[in-house]
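K.L.:
Top line first, the protein sequences correspond to chains A, B and C.
Heads up, the final residue of the first sequence is numbered 402 in this note's numbering, and it's a clean run with no missing numbers.
Heads up, the final residue of the second sequence is numbered 459 in this note's numbering, and it's a clean run with no missing numbers.
Heads up, the final residue of the third sequence is numbered 157 in this note's numbering, and it's a clean run with no missing numbers.
In case anyone wonders, no lab produced these hints; they're calculated from the structure.
Hints may contain errors.
Stated by the list, open to error - Computed cross-link-like contacts, SDA-like style, restricted to lysine to any residue with a CA-CA straight-line distance of at most 20 Å:
(1) K313(A) - K265(B)
(2) K313(A) - G234(B)
(3) K109(C) - L15(C)
(4) K261(B) - E305(A)
(5) K397(B) - M331(A)
(6) K283(A) - I378(A)
(7) K334(B) - G156(C)
(8) K265(B) - L309(A)
(9) K457(B) - A335(A)
(10) K109(C) - G366(B)
(11) K104(A) - I63(A)
(12) K457(B) - A282(A)
(13) K348(B) - D313(B)
(14) K109(C) - R38(C)
(15) K457(B) - L341(A)
(16) K265(B) - V306(A)
(17) K457(B) - E330(A)
(18) K397(B) - H155(C)
(19) K135(C) - A116(C)
(20) K457(B) - L152(C)
(21) K334(B) - H155(C)
(22) K283(A) - L341(A)
Claimed, not checked - One side only, chain A facing chain B, incomplete, derived with CB under 7 Å:
(23) W114
(24) S122
(25) V160
(26) L273
(27) S342
We put the beta carbon where it would ideally sit given N, CA and C, even for glycine.
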Amino acid sequence: MDSLKVGDRRVLERNDFPSLFRALSAKGYKVVGPTVRDGAIVYDHISGVDDLPIGWTDRQEAGKYRIERRNDDALFGYVVGPFSWKKFLYPPRERLWTAARDGDSFVVTPEPLDGAPLAFLGMRACELAGVAVQDRVFMGGPVVDPGYAARRGRILRIAVQCGQAGGTCFCVSMGTGPGVQKGADVVITEILDGSRHYFLVEVGSTEGAAVLSGVPLKPAASDDPAKAQAVVGRAAAAMGRTLDTEGIHDLLLKNLEHPRWEIVAKRCLACTNCTMVCPTCFCSNQEEVPDLSVEKVERWRRWDSCFNLGLTEMHGQAVRRSQLSRYRQWLTHKLAGWHDQFGTSGCVGCGRCITWCPVGIDLTEEVAAIRTAPMRSAATSEGKK
Amino acid sequence: MVTDARAFGGHSHGTGVPAGHPYAPRPFVVRARTQETPDTVTLRMEPRIPGDRLSFKGGQFNMVYVFGVGESAISISGDPAHPEELVHTVRAVGKITNKLASLTPGAVVGIRGPYGQGWPLDSARGRDLVIVAGGLGLPPLRPTIYDIFRHRESFGRIEIVYGARTPKDLVFAEEVRTWLPKSDLRVQTTVDAAGRDWYGDVGVVTTRLPAARFDPANTTAFVCGPEIMMKLTAQALAERGVPSEAIWLSMERNMKCAFGFCGHCQYGPSFVCRDGPVLPYKTLAPLLAVKEV
Amino acid sequence: MTATQSEAIADRVLRHPFFVGIDPTLVHAMVAKAEERTYDVGEVMVREGRPAEEFFLVLEGKIALEIGAAEHPGITVETIEPGEILGWSWLVAPYRWRFDARAVKPTKVIALNAAAARYALAAHPAFGYEFLMKFLPVVAERLENTRVQLLDIHGH
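With the rest of the complex left out, here is chain A:
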């Protein structure tokens, strides 16, 4: 078999898909991928093709999610579920270090950073973008998170291009999909064409090439790339939402006292679902956990949310006390502040926050409402008494 180079395209037959699992295992990867559980398509450790959501799809709308059977046996015929890959790179609970008393002093032992390499099977374009956003947060500045960097350094990204859009998707508006541009080690497009069921596989990196060398691949036909494009094109044409991002940074930051915030605040429960399902949200808290004798302690980090009152607690009370202020913080950070902090939007257009909001709040609708009737330029100025 000729050795694969980045950019090469080959075909993998459906019947040969199990060999991908074997090739990953041979290279030492544990596979994390989609599977059906508890009425949803979630990401978890899987061992073979049979764990995939074969023949399942999802139906999503604001505040609604359910899975249903397809009329074919597509392996990847769904969109995005409640989980993102965030939980594997940036776990909801992580022990940072342990410490023990040492006479009057103490000794800190950081948590070991080794772990199994993981192959993320089934990354959507928006999810790749989400990982890239979190890369900037945790590795792009003067401080690098050791745990995130270690885990991130040993994943293999196997992307799957979307052939359909979810009811709440808007990756086209955010420029993150549905086609996979960059960032994947392997890009797979599932093609169901009459009786044929196969995958167009593109090599995205040398690591991807190394894994694929153990998989029986055939040459791609001349029209296979076009078929793959058509698959992506179907998804692009069926976006559930749009978000006009023109000037959105200033639009939001100059409208902090817009009446729309009152309207959405009456609906928001501050339940934190949106921040948990969002692939880029990163707020965390730290906990000091002593043992009973306080001779040993553990320092844990766990996910937090800007919707939690305790996040801004200072001198005994929260700075952002009202629901309004917390929803406003989330939205303005995600779509505006993120640009100042990290040079990109914080939103990748996956639609999860819309789907998983119990009251169906839709950030695209909120932004559109402000854009339609922005406040006149700020009445507040320096020196006003």
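Following the hints, complete the assembly by docking chains B and C onto the known chain A.
P.N.:
Using the frame of chain A, we list chains B and C on its own:
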């Protein structure tokens, strides 16, 4: 299980705390304790690890750790020219600071830092300087005031205004008195309320500004204290003609990580821990005007 | 008082920051019976509850305004500086002082007679308007400062 310190890109100082792990505190020993006011204590510390030292700029802060209890963000209040001694002035208001305020010499605390942007003293060279401190706002300014005394000739007129709740709440009261007779700067002290034994000014710090002499267009101001005090002071200075990009405030927010990862300290688009705590009024003015930002 | 002494006081009143910009001829009506006074450290200038028959332009020194009763004796809530004006109780019924005022430094003031001032303001409405429009910002600023003091920003 022993961890390979090289994973963190640095070498250990011999105690198993690898350099460069962002979340791990280093041990410091308390050498002296001074009760400044009924609820405020200054702790002078030394690194426990030989050769360790904490170089800092005035306005920066550390996360100060009490084993088994937790961490609190506290400004450094010592002299930047003497980094071998770490000084923190702590007001006892919560679980951790109450514990810190009760420590005695020999106790060991953990330090992570220094963090944040300090007072931009370089930008004030050749200009008049107005320094306004309210309550516990003086400790974060003291390191920079020491720098100013060392380079007095680099600045124009210097006006210091310090206000506290009552005379007994004035931090560093005796030390501030030694600043008063310096003929080349002016110090005004005021309190919100006083008894018969106080012969000084009574009123909020902004009431002292009309008496301060400076050329507004050529002035830099450093303001530190409760947020409402900083807001009113900055407004008063701006109204008098000090450019808003030359007025600096030290913002305070809830902090956990202190390096921009935990998201707690955000104020508008800024991470107070990393982009601040010292920030220009030009950036802050639109946010200070909005509630619950 | 001689005419020249009266002139001298009128002159000092005109130069006081509070009166700058006011028509000098109108000020003369107000400074009838005005006199310069000094107070030693600790000397009480006015007492709460007494009739407010005067108000003061502060020339030198420092004056503490004190309120209190029973378990809160004598709390100084404000100090008044040279260039400022002390006393507005004379303008508002029942024309009684609302605080004690004590010199905390050797202090020199011009004491203006309240009755003469009220008469001058009533007799010359335009002057009255100008005077009150200068007075109001002083009271407004004191109110604003007092509100901030009320917040007790240093007490967590």
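K.L.:
Against each hint, give a clear statement of whether it holds in the structure.
P.N.:
How the hints compare with the structure:
no., hint, result
1, K313(A) - K265(B), "18 Å, holds"
2, K313(A) - G234(B), "8 Å, holds"
3, K109(C) - L15(C), "16 Å, holds"
4, K261(B) - E305(A), "13 Å, holds"
5, K397(B) - M331(A), "18 Å, holds"
6, K283(A) - I378(A), "11 Å, holds"
7, K334(B) - G156(C), "13 Å, holds"
8, K265(B) - L309(A), "18 Å, holds"
9, K457(B) - A335(A), "12 Å, holds"
10, K109(C) - G366(B), "17 Å, holds"
11, K104(A) - I63(A), "15 Å, holds"
12, K457(B) - A282(A), "15 Å, holds"
13, K348(B) - D313(B), "15 Å, holds"
14, K109(C) - R38(C), "6 Å, holds"
15, K457(B) - L341(A), "11 Å, holds"
16, K265(B) - V306(A), "17 Å, holds"
17, K457(B) - E330(A), "15 Å, holds"
18, K397(B) - H155(C), "14 Å, holds"
19, K135(C) - A116(C), "19 Å, holds"
20, K457(B) - L152(C), "16 Å, holds"
21, K334(B) - H155(C), "12 Å, holds"
22, K283(A) - L341(A), "8 Å, holds"
23, W114, "6 Å, holds"
24, S122, "4 Å, holds"
25, V160, "4 Å, holds"
26, L273, "5 Å, holds"
27, S342, "4 Å, holds"
When the structure is compared with the earlier hints, no violation turns up for any of them.
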